[in-house]
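K.L.:
Sequence:
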Amino acid sequence: VIGFTSRNFDGSDPKYLNNSDCDIFHKSDVLFGIDTARKEIARTQMAYLVEGAPDCMRLQSIGVTNTVACLGSEWNGSHFNQLNKVATAVCFIPDSDVIKPDQRLPHGIEAVIKAGMKAIEHGLTVFVREIPADGKKQDADSYFHNKEDFNNIPKQDFILWLSEKLFSTSQTIDDKTTSLNRIASVLSALNDSTKTDFYIAQLKKYTDGQKKTWKDALKQRTGDKKATSRCALTMTNTTDSKDFGFIIRNN
18 VIGFTSRNFD GSDPKYLNNS DCDIFHKSDV LFGIDTARKE IARTQMAYLV EGAPDCMRLQ
78 SIGVTNTVAC LGSEWNGSHF NQLNKVATAV CFIPDSDVIK PDQRLPHGIE AVIKAGMKAI
138 EHGLTVFVRE IPADGKKQDA DSYFHNKEDF NNIPKQDFIL WLSEKLFSTS QTIDDKTTSL
198 NRIASVLSAL NDSTKTDFYI AQLKKYTDGQ KKTWKDALKQ RTGDKKATSR CALTMTNTTD
258 SKDFGFIIRN N
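Under this note's numbering, the first residue of the sequence shown is numbered 18, with each subsequent residue one higher.
These are calculated hints, taken from the structure and not from any lab test. Mixed in with the good hints, there may be bad ones.
Pairwise CB distance ranges, derived in the manner of DEER restraints [stated by the list, open to error]:
hint: 1; residue 1: Ser-185; residue 2: Gln-237; range: 20 to 26 Å
hint: 2; residue 1: Asn-169; residue 2: Ala-59; range: 24 to 30 Å
hint: 3; residue 1: Gly-226; residue 2: Gln-188; range: 17 to 23 Å
For each residue, glycine too, the CB sits at the ideal point set by N, CA and C.
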């Protein structure tokens with residue numbers, strides 16, 4: 018035992034209440050349920066990711082034992098580094114939240130979009146199983162009653178799922194440009210030209226059949242990353258030179 022977690026069921030905040038951080042418990046590092054899930058994750062090379070401890074316990078109780086949760090916090094690099102040791106792929110199961118008037122997408126979907134991008138950057142293959150929206154709040158704990166419920170929800174490729182979500186809610190040219198650049202940023206993290214070509218072939222339907230639009234956006238994102246890396250390297254070298262007593266002057 019490294020700590021305790023609880024959930025509020027009356028709808029008030031905070032939704033989750035956890036131990037304060039201490040020497041043996043750091044909430045942002047904890048993968049709830051990993052003790053039970055580790056063996057099945059290693060066998061299948063797949064981990065199912067949910068938001069809270071009750072969601073994780075529900076799925077493990079119906080036989081989806083390779084499920085872990087992040088205790089209601091954001092998925093982060095520490096989580097994905099741990100998962101990388103036992104799995105090659107993850108599948109997110111977002112909460113099905115009711116969309117608010119000022120939102121483009123529900124909170125649960127936005128959270129998984131952000132986390133999925135981060136997982137790809139850490140070298141994981143990413144999928145999504147999305148609980149159907151029916152106008153009321155649903156999560157893994159309330160929706161899944163048996164393994165059949167789980168199997169009836171299709172596993173979708175994250176990048177294709179993300180593209181459909183973003184472009185289906187893009188009403189203006191600016192919206193579409195933002196969506197395209199957001200997806201191009203994910204593609205640039207793949208570092209696999211074959212996979213990238215496959216995705217572009219699938220995604221060209223969003224740009225009137227034009228692959229070049231995607232390739233141009235991807236080229237720009239790749240160029241931006243290289244420029245950022247060069248800038249970071251220059252700053253590091255400058256700092257190192259100053260540490261050793263050298264002064265760099267413009268000649």
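K.L.:
Each of the hints needs a verdict: does it hold here or not?
P.N.:
Results of checking the hints against the structure:
no.: 1; hint: Ser-185 / Gln-237: 20 to 26 Å; result: 24 Å, holds
no.: 2; hint: Asn-169 / Ala-59: 24 to 30 Å; result: 26 Å, holds
no.: 3; hint: Gly-226 / Gln-188: 17 to 23 Å; result: 21 Å, holds
Figure legend: structure checked against the earlier numbered hints; every hint is met.
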